[in-house]
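There are 2 protein chains.
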Amino acid sequence: MAQDKKLVESITPMDTDFAQWYTDVVKKADLVDYSSVKGCMIYRPYGYAIWEIIQKILDAKFKETGHENVYMPLFIPESLLNKEKDHVEGFAPEVAWVTLGGNEPLTEKLCVRPTSETLFCEHYANIITSWRDLPKLYNQWCSVVRWEKTTRPFLRTREFLWQEGHTMHATAEEAQEETLRMLNLYADFCEQELAIPVIRGPKTESDKFAGAVATYAIEALMHDGKALQAGTSHYFGDGFARAFGIQYTDKNNTLHYPHQTSWGVTTRLIGAIIMTHGDDSGLVLPPAVAPIQVVIVPVAQHKEGVLEKAEELRGRLMAAGFRVKLDDSDNSAGWKYAEYEMKGVPVRLEIGPRDIESNQCVLVARHDRKKDFVSLDTLEEAVKEKLEAVRLGLWEKAKENRDRRTSECETMEEIRHTLDEKGDGFILAKWCGSPECEEKVKAETGVGSRCIPFRQDKRAGVCVCCGKPAATTVLWAKAY
Amino acid sequence: MAQDKKLVESITPMDTDFAQWYTDVVKKADLVDYSSVKGCMIYRPYGYAIWEIIQKILDAKFKETGHENVYMPLFIPESLLNKEKDHVEGFAPEVAWVTLGGNEPLTEKLCVRPTSETLFCEHYANIITSWRDLPKLYNQWCSVVRWEKTTRPFLRTREFLWQEGHTMHATAEEAQEETLRMLNLYADFCEQELAIPVIRGPKTESDKFAGAVATYAIEALMHDGKALQAGTSHYFGDGFARAFGIQYTDKNNTLHYPHQTSWGVTTRLIGAIIMTHGDDSGLVLPPAVAPIQVVIVPVAQHKEGVLEKAEELRGRLMAAGFRVKLDDSDNSAGWKYAEYEMKGVPVRLEIGPRDIESNQCVLVARHDRKKDFVSLDTLEEAVKEKLEAVRLGLWEKAKENRDRRTSECETMEEIRHTLDEKGDGFILAKWCGSPECEEKVKAETGVGSRCIPFRQDKRAGVCVCCGKPAATTVLWAKAY
Numbered sequence: 000m001a002q003d004k005k006l007v008e009s010i011t012p013m014d015t016d017f018a019q020w021y022t023d024v025v026k027k028a029d030l031v032d033y034s035s036v037k038g039c040m041i042y043r044p045y046g047y048a049i050w051e052i053i054q055k056i057l058d059a060k061f062k063e064t065g066h067e068n069v070y071m072p073l074f075i076p077e078s079l080l081n082k083e084k085d086h087v088e089g090f091a092p093e094v095a096w097v098t099l100g101g102n103e104p105l106t107e108k109l110c111v112r113p114t115s116e117t118l119f120c121e122h123y124a125n126i127i128t129s130w131r132d133l134p135k136l137y138n139q140w141c142s143v144v145r146w147e148k149t150t151r152p153f154l155r156t157r158e159f160l161w162q163e164g165h166t167m168h169a170t171a172e173e174a175q176e177e178t179l180r181m182l183n184l185y186a187d188f189c190e191q192e193l194a195i196p197v198i199r200g201p202k203t204e205s206d207k208f209a210g211a212v213a214t215y216a217i218e219a220l221m222h223d224g225k226a227l228q229a230g231t232s233h234y235f236g237d238g239f240a241r242a243f244g245i246q247y248t249d250k251n252n253t254l255h256y257p258h259q260t261s262w263g264v265t266t267r268l269i270g271a272i273i274m275t276h277g278d279d280s281g282l283v284l285p286p287a288v289a290p291i292q293v294v295i296v297p298v299a300q301h302k303e304g305v306l307e308k309a310e311e312l313r314g315r316l317m318a319a320g321f322r323v324k325l326d327d328s329d330n331s332a333g334w335k336y337a338e339y340e341m342k343g344v345p346v347r348l349e350i351g352p353r354d355i356e357s358n359q360c361v362l363v364a365r366h367d368r369k370k371d372f373v374s375l376d377t378l379e380e381a382v383k384e385k386l387e388a389v390r391l392g393l394w395e396k397a398k399e400n401r402d403r404r405t406s407e408c409e410t411m412e413e414i415r416h417t418l419d420e421k422g423d424g425f426i427l428a429k430w431c432g433s434p435e436c437e438e439k440v441k442a443e444t445g446v447g448s449r450c451i452p453f454r455q456d457k458r459a460g461v462c463v464c465c466g467k468p469a470a471t472t473v474l475w476a477k478a479y
Numbered sequence: 000m001a002q003d004k005k006l007v008e009s010i011t012p013m014d015t016d017f018a019q020w021y022t023d024v025v026k027k028a029d030l031v032d033y034s035s036v037k038g039c040m041i042y043r044p045y046g047y048a049i050w051e052i053i054q055k056i057l058d059a060k061f062k063e064t065g066h067e068n069v070y071m072p073l074f075i076p077e078s079l080l081n082k083e084k085d086h087v088e089g090f091a092p093e094v095a096w097v098t099l100g101g102n103e104p105l106t107e108k109l110c111v112r113p114t115s116e117t118l119f120c121e122h123y124a125n126i127i128t129s130w131r132d133l134p135k136l137y138n139q140w141c142s143v144v145r146w147e148k149t150t151r152p153f154l155r156t157r158e159f160l161w162q163e164g165h166t167m168h169a170t171a172e173e174a175q176e177e178t179l180r181m182l183n184l185y186a187d188f189c190e191q192e193l194a195i196p197v198i199r200g201p202k203t204e205s206d207k208f209a210g211a212v213a214t215y216a217i218e219a220l221m222h223d224g225k226a227l228q229a230g231t232s233h234y235f236g237d238g239f240a241r242a243f244g245i246q247y248t249d250k251n252n253t254l255h256y257p258h259q260t261s262w263g264v265t266t267r268l269i270g271a272i273i274m275t276h277g278d279d280s281g282l283v284l285p286p287a288v289a290p291i292q293v294v295i296v297p298v299a300q301h302k303e304g305v306l307e308k309a310e311e312l313r314g315r316l317m318a319a320g321f322r323v324k325l326d327d328s329d330n331s332a333g334w335k336y337a338e339y340e341m342k343g344v345p346v347r348l349e350i351g352p353r354d355i356e357s358n359q360c361v362l363v364a365r366h367d368r369k370k371d372f373v374s375l376d377t378l379e380e381a382v383k384e385k386l387e388a389v390r391l392g393l394w395e396k397a398k399e400n401r402d403r404r405t406s407e408c409e410t411m412e413e414i415r416h417t418l419d420e421k422g423d424g425f426i427l428a429k430w431c432g433s434p435e436c437e438e439k440v441k442a443e444t445g446v447g448s449r450c451i452p453f454r455q456d457k458r459a460g461v462c463v464c465c466g467k468p469a470a471t472t473v474l475w476a477k478a479y
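As given, the protein sequences belong to chains A and B, one line each in that order.
For the first sequence, numbering that gives the first Met the number 0 puts the final residue at 479, and the numbers step up evenly by one.
For the second sequence, numbering that gives the first Met the number 0 puts the final residue at 479, and the numbers step up evenly by one.
It should be emphasised that the hints constitute simulated quantities derived from the structure, not laboratory data.
Predicted model, so just to flag it, every value in this text is computed and none were measured.
The list makes no distinction among identical chains, and a pair is therefore deemed to hold if it is satisfied within one copy or across any two copies.
In silico SDA-like cross-links for lysine to any residue, where the CA-CA straight-line distance does not exceed 25 angstroms:
1. Lys-60 to Gln-175
2. Lys-55 to Leu-136
3. Lys-398 to Asp-278
4. Lys-60 to Ala-48
5. Lys-467 to Ser-406
6. Lys-250 to Trp-334
7. Lys-84 to Ser-34
8. Lys-82 to Asp-32
Next up, chain A with everything else stripped away, as it sits in the complex:
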């Protein structure tokens, strides 16, 4: 028995303290650890494996849509960061600066990249000269640094992992198309693979990326009713191209500035998965990104033939392309159930002497604990169906939570009342377009604008704040 092995300790229930529940899950599911580097985190093997799978899926999608990976320097000289006025204003206050190299003061300080627009632009200025060089569709997987004051694993850390796409196009139309193509790629990935419903739309002016003409986001609603921005895609126009002197000649030998985009998702997505699907037993992972999709737990494994059969099933499922783990350790079956529930493994396969006699096994879904007895003859098919059932189950539960927590409001009072009655959630409310009203809604009700959903309620209406005519419906929420 497991005398040396830690017992699975219980975690704080979600409804008691959601923030503490989150912290418990990321630690107990072995996703992260803390280090003496304040505000940074250690991605442990199980947490990093989720990111590796996300990378693999997205990277294939980027390459299918013609993008190429590059790697830019980690550092940005101060003068380079300063080249685009809005950009530096947005980022300078939150960067880390290298001032010493090899114990000597640097003549120019270097910031650790918070994002790499300036580096890409400097490079593009070198390599773009003709219409033949366009489009340039580059992407980079790396870590970036932003000197945040308060941090939480996956959601906000001083260093985080992400990808940043940076593209250059001959025309504004092409660049705008790219911006939306990548937004939709992110949205489809979230909805189809992560089972997280999202709302797509542009950000308001006040919430745009530093230097962008337009910023689009996908917004998800967490279990506790707070919003989480799951991905962004920016259209820059030719502002950076002008600041960096990037020009190309068209077929008639006329000079033009190209049009630019950038887009990114981060390890925040793992935070979104935890807070969308998790429950009081721990993590619940969507099958597409689960490092272990099926855990095989032998029952009465000391009995003759049980471990051999379990090993045989593991081999069959791995050959069929599933990510499988057989836990034949000497921990009790009960301990194993709790451990892999904490780790969010979507499907547990139980096999014992009586199952073997009946040529069957038991499949248990993590999210609803539904048990199925399935014939070993058609195990691969049954596992495939069960994983699909998990995906659908997670999607429906997440969508139900979001829809239940989404309210349309016509007055400030109605927003306050809704938040009091139903708790946090998405508020759909009309807005006149003025930054003052946007600010006032946030100050007086606590919800900020998340995006202007593409799917608009077309009916005429008035601004929830000032009462003037308003055509735009905004999605409002408290946010991570």
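Starting from the known structure of chain A, fit chain B onto it as the hints suggest.
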């Protein structure tokens, strides 16, 4: 015709100026670009694609041997770096320091990781308590920073990409086995996939990694006769474990310090590929890591049916698992030949109207330009054989160069004479083991000790420097 497209410019011949030839190749083959970040480089899509393939192959090998990937913070607080005395002495002089975060001075400066032993050890102290927690077999893919004074793309840059394995074991024997297992994994990868012959062995005391008990290396010989260290594997004993207070209880509840290894390869491997296989037409890539293994160049592509057939062959070869590019641009065939030779594509497939009539195509190997007319009926098989012939051809050429440039010497005078007569190369010479003689050999002949090859000449002999009895043969060379 390609009026807009740059012509392929000629590069400096290797024998005229090898260093300039190298610089020309990395630029003209579109592997890298420079940026305003001094000493750092931009990995362009073609250069980065080589690294991605190296990563994919090695990562699979690491996972097969039980290793798991993690991600540690980018920064190391000064106090953490200082914990192991030898380690900090080795690295402190060449690190970059972050001293400002969000425009405020940090209370403790942070170095940008030059290597992550200290971070791994701090983490291991948290998660290792029992024999059940061992071994820990972790690896990390990331970039590291060392503030070098003189830099060259791939060979020595202030930031470079690498992987660093860090493992902890219950016993010294297990850790030593791991050290050699990973050294041999690297060596096999270099020899079998990169077609680069290497010599394996421990470094001398003076050349060990900072804090290691023993450092092992694989040494390759470049085309110009200089050595390049292609990978290292270190055995640490329990020195770091003691410094960081990492202990585990065995089955009898007795406390022990675990034993540690680390091992790494870097983007230097790309430099090794360039300088081992390249020629006066540019890069020559081993098929295993070539982003494009076969480039299809249609001949008289305006003629009916040529492009359709070329496209059909592309589809067939891609379906067979080859990395293929069809260049149907309006550049001339001659331009295309030169372009893909510069980029080192191992095999060129030419297909024109007459070939189509004869149901054949032409395969041309990059390294020896040998042409084969092959039947389209068995194209996949022919391409597979041709790529294997390229691999073997590269291996034999590299091995022939190395063997020709390897000399056994018994006196200092003989070393000097050999270097004068044959040019740079590997020198095998006996050594008494004293650091003074090692230093003197270098000072007086220019060659430094590279490693003590596992394959030793067992005959008795005397130190090449002091003439005292010496049982050890050392590999000496000038090195990158």
